[in-house]
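Engineer: Here are the chains, one letter per residue:
There are 4 protein chains.
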Amino acid sequence: MIIVVKAGATAEEIAQIEERIASYGLAAHVSRGVERTVIGAIGDERKMQAEAFEGMACVEKVLRILKPYKIVSRDFQNEDTVISVRGQQIGGGTVALFAGPCSVEGRAMMIDIGKQVASCGASFLRGGAFKPRTSPYAFQGLGEEGLRILAEAREATGLPVATELMDPRDIDLVVRYADVIQIGARNMQNFRLLTEVGRLDTPVILKRGMSATIMEWLMSAEYIASEGNRRIILCERGVRTFESATRNTFDVSAIPVVKGLSHLPVIADPSHATGQMGLVEPLAAAAVAAGADGVMVEVHHQPETALSDGPQSLRPEVFREMTARLKSIAAAVGKRLGNA
Amino acid sequence: MIIVVKAGATAEEIAQIEERIASYGLAAHVSRGVERTVIGAIGDERKMQAEAFEGMACVEKVLRILKPYKIVSRDFQNEDTVISVRGQQIGGGTVALFAGPCSVEGRAMMIDIGKQVASCGASFLRGGAFKPRTSPYAFQGLGEEGLRILAEAREATGLPVATELMDPRDIDLVVRYADVIQIGARNMQNFRLLTEVGRLDTPVILKRGMSATIMEWLMSAEYIASEGNRRIILCERGVRTFESATRNTFDVSAIPVVKGLSHLPVIADPSHATGQMGLVEPLAAAAVAAGADGVMVEVHHQPETALSDGPQSLRPEVFREMTARLKSIAAAVGKRLGNA
Amino acid sequence: MIIVVKAGATAEEIAQIEERIASYGLAAHVSRGVERTVIGAIGDERKMQAEAFEGMACVEKVLRILKPYKIVSRDFQNEDTVISVRGQQIGGGTVALFAGPCSVEGRAMMIDIGKQVASCGASFLRGGAFKPRTSPYAFQGLGEEGLRILAEAREATGLPVATELMDPRDIDLVVRYADVIQIGARNMQNFRLLTEVGRLDTPVILKRGMSATIMEWLMSAEYIASEGNRRIILCERGVRTFESATRNTFDVSAIPVVKGLSHLPVIADPSHATGQMGLVEPLAAAAVAAGADGVMVEVHHQPETALSDGPQSLRPEVFREMTARLKSIAAAVGKRLGNA
Amino acid sequence: MIIVVKAGATAEEIAQIEERIASYGLAAHVSRGVERTVIGAIGDERKMQAEAFEGMACVEKVLRILKPYKIVSRDFQNEDTVISVRGQQIGGGTVALFAGPCSVEGRAMMIDIGKQVASCGASFLRGGAFKPRTSPYAFQGLGEEGLRILAEAREATGLPVATELMDPRDIDLVVRYADVIQIGARNMQNFRLLTEVGRLDTPVILKRGMSATIMEWLMSAEYIASEGNRRIILCERGVRTFESATRNTFDVSAIPVVKGLSHLPVIADPSHATGQMGLVEPLAAAAVAAGADGVMVEVHHQPETALSDGPQSLRPEVFREMTARLKSIAAAVGKRLGNA
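Chains as they are written, first to last, in this note's numbering: chain A, 116 to 455; chain B, 116 to 455; chain C, 116 to 455; chain D, 116 to 455.
Honestly, the hints are just simulated from the structure, not real lab data. Source: prediction; values computed, not measured. Possibly wrong hints are sitting among the right ones.
As the list makes no split between identical chains, a pair holds if one copy fits it or if it spans any two.
SDA-like mimics (lysine to any residue), calculated; alpha carbons at most 20 Å apart, straight line [to be verified]:
#1 K121 with S188
#2 K162 with R263
#3 K182 with Y252
#4 K185 with V119
#5 K176 with D190
#6 K121 with I186
#7 K162 with P431
#8 K176 with D159
#9 K176 with G158
#10 K162 with T249
#11 K121 with F191
#12 K176 with A360
Bound-form chain A, shown alone (with noise of 0.2 Å):
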């Protein structure tokens, strides 16, 4: 940790920025300079709050020298995560398809819609049983009968299934029929939420919050991983800017830049970054071309009356074609793409 002290200050208040940091058992390195004095902190800096020091009058600003999160690094695991679920592999050169409804809206569509994806080539199934509505009025999902729906789709398709978790009160249902368990963006920061997934052995796909930044997502991949649970895929889904011409901006670039940062597998979500059908075939390709390890699509036979994200929502004979498409983007990346 480098801190800057104000022009100024003086002799004393410089001592004691030295002994606060000898406090937390690091060194002290002080260095002046023509206009600023700069002290270093030598040890491991996560043990001491920036904070503490930022609230001195004497400190102009407080710079960190390392990352804050840890196990998610690749300083603490240089091999990338490789994730099976069920015969299905995530990262290591696969493309995982995850596929399906926005909501389980009953049995029938979902084994329908189901065993289409899987014909194509989808590597998992997706269903909200849970929905988070921005109104109270809007439908919010079926809940436990959406779950039991879920797995007898495993069932008929042989494909794992993903589905949202979105309270703690939840997890022993949800944990019962799941195979992976998805937390959402505006749950990214339920810091309670992200303990308890911690302790469970289910992987968990982690999505980017809607104004998260790339640091801030690898912290809440941290409090999973600081429980015990290592299964963690970071999901990206847009975030929120200026532009409203698409209802989020996808940042594609978030991909190699935690790709490099972190050995997690990292997917994309180009149905709820666009919020738009017309463009979930071109994100997606891009973001298989970008390096992703994966591509999470809302499939549904009949967009127009779906209960939830219809206008985003592909027909599976679309779906087929993209991953047509998407399969010869992964050769090009020298990837190969789910079961397709």
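Position chains B, C and D relative to chain A; hints supplied.
Structural biologist: Just chains B, C and D now, with coordinates in the frame of chain A:
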């Protein structure tokens, strides 16, 4: 709701839109312009899903006429909501002053700070027992012990206490001690938590999410109100932007905008908005000048040793000066300041 | 244009709106709903100022039906614009490759880099003679000398050259040397400059402003087109967001969105979007996968001594590898890459 | 400057960094920590390019210690700059009031509005002769005729006039008429224009760019100051964010932040920040409460027929009420308001 149809849509497609509008019980009103056909849906558009139309291939865009929230809007209730708690008032010409440490760190400090802020004119004591922290390795709050200390501080000062609730599993516990429950920015769209506090009588401070639009913020208030609890206090605490000179960008315009759209009181939290003690006073002054019904500030007797948020905490003597300044500003806009 | 009237507006106020619509030569169409009265203006809404209605006390909001740009829209021209310059093509199935140093620093380096990128398949040489720099103390470009060197590099490589124009007073000079003129992000709304390049025949690359919406970007293109010059190439180069891990956030969605709205070709500049050489290749790949008609990258033989933009410049050998990768991606989306 | 070296960098690579630092005339100071080696460059870091190090493969990040601007900083000049123009003052305890129509639309209206705002206590008249408009089809200003009318309004009211300059080719013309030159938000990084006004004596209002950081804004001020003109007035006018309820998000914190970093006066433009007449007064009050040295507002006798910015223009009678309110707020913060 206005549905703009793409140039070149067929008569059949237009008929399909009309049918769908009728299926929701609204009347369709087709208006053929030179370049576009526009269809208005006459009736209560809240019954219809915009998505149901956006998913149709022939639809260019869907424009809403009405606001998606209802109970919290000025259309529903024109006069200002005024909230009273143990003799303290929020709204209706009174600028409430919430003050106290970020976290409850111990009995002595809490009571000491409580007495000091009470003597300066604070109307509510604040202090966190459950702390949402970006890092799993940081101090997470004293939990129930912190709540008990808060209750003692209430006895010692006579001021009602406000504290944060993070997890639906803690509701019974928190309600036992708190006079006002705070929902933090990261939980603004934790819909299950909103539903739960909606079933209480305790007033709720709903902080604006880091990247929440004003519309989403009011929709979250609607979640609470739709369950029955209408004692809601909105709190602007800065939004996330590209500017890095301050932790967040305090959206002072949100105060008059929200007061125009809703009857609920709006307060401001300049401590979290800026993260810097030197900016708290000018922003608190700005908030009151812009029409805020209250201000919430962090006060600590020794900011440089605070377990959280030290850099943005005011020393009690600085808080005292700020209070004097706010009193004049409140007078200039025709209001009076808490107990000052 | 749709004008939503506030609840409680008088018949007189509504009549006043109708009159004003009529004064613009459009027909007013009043539709009284349960909660709001809505007035449609039938005719060419581009003749009316939305502001003229927004300024009225009885108006709640004004919704536009038509797009404010015309010549650059798909409504005006449905088939893709394809631009040819000295035998090189942009659009129409060809992915153009613009490459070269950020700044022209000298004759030898420019010709050397030019030959290297030409041998890898670049279709255009880029190099700045006039440099917009955040600091007045930084290198500002070689000016006319830089332009002369560019022209020499064109002779040496056979490739057309693209360079930035910053000031209307330099037009005659720049036109004398450049095959393609570049308008930088900071000048996207320098309307006087746009008007001037609109009067030329030279193709213009119009970079998207750092915080420009897609609509504003197209309006700036309309400025150029409305003066007569329709040889416009749009260039996505990242927008400003809260994320600080990259210099800008590359808005890959903008590529398919713009191609849906406009017939103009769209290229991508991953060098400026990220500011980091390690991210240039994955983003270039993403751009081509998403449908870009070209890619512009900075190449320097010694990035660590470059006078500007070193950290984001590729070494020629890295550029060569990138070109090979892009060739496969272009093939996967049914296109061919520049001269590669 | 602090250079953080990647884990695993070789001794040779570190020596190379030291050499490069020495080549700039600074001293290198290597500090080997447990996880990272950190190299400090002691001396005037403004002579070094951070880029020169960021481009090296072994460098993880580069942290600046000093601010990149100089003349406009408090380090360079500690006492506040106070600007006087024809007897009117900006800064130094006076809150200047700039008022007038967005565009000069004609002689009668300009003189009429001028007299009205003068009688309410305005200290400067504003009015645009050259208008930057998003659409090429919108009113672009009266040009020289507008400037002549402004000069007449100055005669009629005794107030100095401020007007926008958009193009370096118009400088001689504008200087002939204007007492204060305004550089609009879209031109904040039009570096050629900044250099030109830097060579004048006329005071310059430098509006903050729509997505400019405070640091970039001060760097643009440095462009002007470095050419000699130090009569610079900074103007906050809102930044672009995701929030769409207001045209821009008024960054009220920027006022105290800039006043801490720079000696230059700072004013606020609540009209452009919000785009809505109903928000102008609360935001003007907030700006003065937060420490602004002035306020610039658009006033029009008939906002609904204004050729530009009608929806955000105040009627003279509303301006009069606002002035009374601002007078009290100014007094509450120990200042006095313009001529009121």
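Engineer: None of the hints should be skipped; say for each whether it holds.
Structural biologist: Cross-check of the supplied hints:
1. K121 with S188: Between copies only: 14 Å across chains, 33 Å inside a chain, cut-off 20 Å.
2. K162 with R263: neither (46 Å within a copy, 29 Å between copies)
3. K182 with Y252: between (42 Å within a copy, 13 Å between copies)
4. K185 with V119: between (25 Å within a copy, 18 Å between copies)
5. K176 with D190: between (26 Å within a copy, 15 Å between copies)
6. K121 with I186: between (35 Å within a copy, 18 Å between copies)
7. K162 with P431: Close neither inside one copy (52 Å) nor across copies (29 Å); limit 20 Å.
8. K176 with D159: Classified as both; 19 Å inside a copy, 18 Å across copies.
9. K176 with G158: Close inside one copy (19 Å) and across copies (18 Å); limit 20 Å.
10. K162 with T249: between (39 Å within a copy, 15 Å between copies)
11. K121 with F191: between (35 Å within a copy, 14 Å between copies)
12. K176 with A360: between (38 Å within a copy, 11 Å between copies)
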